[in-house]
Amino acid sequence: MTRPAPVLETRDLHLSFGALKATDGVSLRLLPGEIHALIGPNGAGKSTLIGLIAGTLRPDAGQVLLNGRDVTGADVVRRARAGLARTFQVSSVAAELSVLQNVMLAVQGARGGSFRFVRPVLADAALRAAAMGDIDRVGLTGRHRVVAGDLAHGERRRLELAMALALAPRAFVLDEPMAGMGPDGAREMTALLDDLRHRAPILLVEHDMDAVFALADRISVLVSGRIIASGTVAQIRADPEVRRAYLGEEILE
Amino acid sequence: MRREPLLNGVLALALLAVPLAAWALDEPFVITLATKVAILALAGAGLNIALGYGGLVSLGHAAFFGIGGYAMAVLAAPVQNFDLLMSWPFEVPGTKSMPLIWLAAMSAGALAALVIGALSLRTAGVYFIMITLAFGQMLYYFAISWPAYGGEDGISIYVRNGFAGLNTLDPIQFFALAYGLLMAVLALTHMMVRARFGLALAGARQNPGRLAALGIRPFSLHLSAFVISGAITALAGALYADLNRFVSPSMLSWQTSGEIMVFVILGGVGRLFGPVAGAALFILLEHWLGGVSDYWKLFLGLILLGIVLFARGGLIGTLAGREDAHD
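Sequence lines, in order, name chains A and B. According to the working numbering, the stretch in the first sequence is residues 2 to 254, in order. According to the working numbering, the stretch in the second sequence is residues 43 to 369, in order.
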């Protein structure tokens, strides 16, 4: 059986901050159609790894490949244009713009043409329709006129996701999409992400273990900058080293 | 409710009605004051694109204002001296034509903004303020030591430049030109802010990191806004030089940068008619308080302090409320 080509791949990534090896030889593959969860305790280097993948950080050694193309030297903008959509651990939106404007900005980012000076953007039917579709898809129907800064926390998480969706990406990198959401919100977000995998594969960094076990096709466990285990949900649950390093017994019941 | 468009209309009409009334009552001084307001508002409108819409706090916009002024002097001085602008490698005469002078001023302002912006935009925050200030001061000291154009004393252009079909020495006709340009620039700004460029620029101001993650480069947007901003402020500089028929290095001084910024902040940062309201208030205060006390700038300072502390949106923000939430 031939393995499908990974959409996103890291090869032996290394990054040190002084004596601290934040990323220490991480090789990771995100395959078409899958949700690959990345878990690990606080300080394991998850945020650093996301920075390396998204292009905000540069590795000391190693490579990042997107659709088989080496993007290690490309900056954030180029990686986004190459089809990488990320969301942020702390919601990151344009706070003074409406929900619709935020999502339209993402559509504009995907389609190009930010240097147009004449036609009012809100009258651009194609851009608008695409944005409204993504707003509906994340369950923010009817909220498109609200200024992003006035949204409730959970709604802002959804807006983040709508913006990622609007990029029509080749791969999603989602940094704790459930962070700060209540149990109901987390359940709805889980259903949303389950649906999202049909658009593009997801690299999911998440602390909510219910969500991870419900969604993930594969799980990689990051501890002290190294991946100590990688496998299916069942394999990870059974792995003694993972139990010792990270998972509490009660989660595995 | 959308009060801001209404307020903008009132301001536009008032700035037109006052000099017209003064014209009917034969009060040329008032017309000249209104012309000064229109021109300074235009300088502020230029800065507002960088400061208000782009979030770029430039303390060096006097550079563009002065470049516009000197562009006028460089083109018009050869004509009054019966000289050529350039004699080698080919002969180029000077010009007294306002449209040509405006074009030259805007091109020079845009070019200077491209160079200054490309270097300054590598920094942000307080460093950006300092580096734009430094570029402004460099040009100021250059003008002081430029003997061909009067050095420290500046240079007088005795006859106002011309515009086909108008008598530009007639105050009301010169006012009409300045007012027309101001309104045209504000209309184009309004269009630009609502277009794709404006949306992306708003994103670049509010959250550059997020914008980059959407595949849009904040630097390109900021630089474009800075160039447009510099060109408009240079146009205002050319008009201001024509209003006074005089150019001097003080147009390039950092106090001028500060004053242009005060117009924008008084009126409302990122509000279309903010610079108009700000420049009008500034000139009125200068005129009235200046007649009452030599220390009028002390009162101006107090008013500015009050607005910054208690009325974040400036005059427009106070009168029209929060910016409309758009669609």
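Derived from the structure by calculation, the hints contain no laboratory data. Cβ atoms here follow ideal geometry from the backbone N, Cα and C, with glycine treated the same way. Certain hints may be false.
[Claimed, not checked] Okay, the calculated beta carbon distance ranges per label pair:
1. B:327 with A:185: 53 to 63 Å
2. B:164 with A:114: 24 to 34 Å
3. B:184 with A:26: 29 to 39 Å
4. B:139 with A:114: 29 to 39 Å
5. B:327 with A:19: 16 to 26 Å
6. A:114 with B:153: 41 to 51 Å
7. B:44 with A:42: 30 to 40 Å
8. B:51 with A:68: 46 to 56 Å
Here is what the structure says about each hint:
{"no.": "1", "hint": "B:327 with A:185: 53 to 63 Å", "in the structure": "57 Å, holds"}
{"no.": "2", "hint": "B:164 with A:114: 24 to 34 Å", "in the structure": "26 Å, holds"}
{"no.": "3", "hint": "B:184 with A:26: 29 to 39 Å", "in the structure": "55 Å, violated"}
{"no.": "4", "hint": "B:139 with A:114: 29 to 39 Å", "in the structure": "37 Å, holds"}
{"no.": "5", "hint": "B:327 with A:19: 16 to 26 Å", "in the structure": "56 Å, violated"}
{"no.": "6", "hint": "A:114 with B:153: 41 to 51 Å", "in the structure": "26 Å, violated"}
{"no.": "7", "hint": "B:44 with A:42: 30 to 40 Å", "in the structure": "52 Å, violated"}
{"no.": "8", "hint": "B:51 with A:68: 46 to 56 Å", "in the structure": "53 Å, holds"}
In this structure, the hints that do not hold are numbers 3, 5, 6, 7, in rising order.
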